[in-house]
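J.: Sequence:
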Amino acid sequence: MKLTTNKLNSFLFFKLPSAFICGVRVKEIDRSKCVVSVKHRWINQNPFQSMYFAVQAMAAELSTGALVMNHIQLSQRKVSMLVIQNKAVFTKKATGRITFECLDGALIKQALEKTISSGEGQTFWMKSIGTDENGAQVSEMDFEWSIRLKQ
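So in my numbering, spot 19 of the sequence shown is number 187, and the numbers just go up one at a time.
Hints may contain errors.
Straight-line C-alpha distance at most 30 Å; calculated DSS-like pairs for lysine-lysine [to be verified]:
#1 Lys295 with Lys282
#2 Lys277 with Lys295
#3 Lys295 with Lys255
In case anyone wonders, no lab produced these hints; they're calculated from the structure.
Just need the whole structure built from these sequences, with the hints factored in.
T.: Here's what the structure looks like:
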């Protein structure tokens with residue numbers, strides 16, 4: 169079963185309802201990248217008339233995590249995944265539609281191949297860049313993922 173944007177957005181509704189209610193949606197996914205979008209609205213605002221940082225983090229993390237899920241599914245192996253740390257830099261107020269893009273599909277593929285061949289867990293950092301409608305960067309978030317084969 170192929171992982172699609174519709175399946176991921178349904179997953180959000182049932183398994184991550186706070187992200188769904190805040191407007192986080194997967195727009196594009198393939199083996200190399202994932203694009204997630206969220207629009208600044210009343211439900212996801214902060215007191216400074218911009219998007220709350222945690223909403224940005226949900227969208228950014230989804231852009232990395234959906235890629236990990238996609239590669240795990242393509243491997244047809246049982247693999248657990250977990251975020252073990254993250255870093256964020258906010259460079260501009262997030263207003264309007266913010267798009268988060270992760271281009272680290274090749275990184276996941278390498279880590280997954282090592283995990284499967286060696287049986288040892290792997291950790292790796294993935295980056296998601298958030299840009300506004302004008303293409304200006306509003307945030308950059310890095311997530312360290314851990315993967316390992318399930319017993």
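J.: Checking one constraint from the list: CA of Lys277 to CA of Lys295, max 30 Å. Satisfied?
T.: holds, 15 Å
J.: Keeping to a limit of 30 Å between CA atoms, is the pair of Lys295 and Lys282 held or broken?
T.: Distance of about 20 Å is within 30 Å: holds.
J.: Quickly compare the C-alpha distance for Lys295 and Lys255 to 30 Å and report which way the hint goes.
T.: holds, 9 Å
Comparing the model with each numbered hint stated earlier shows that all of them hold.
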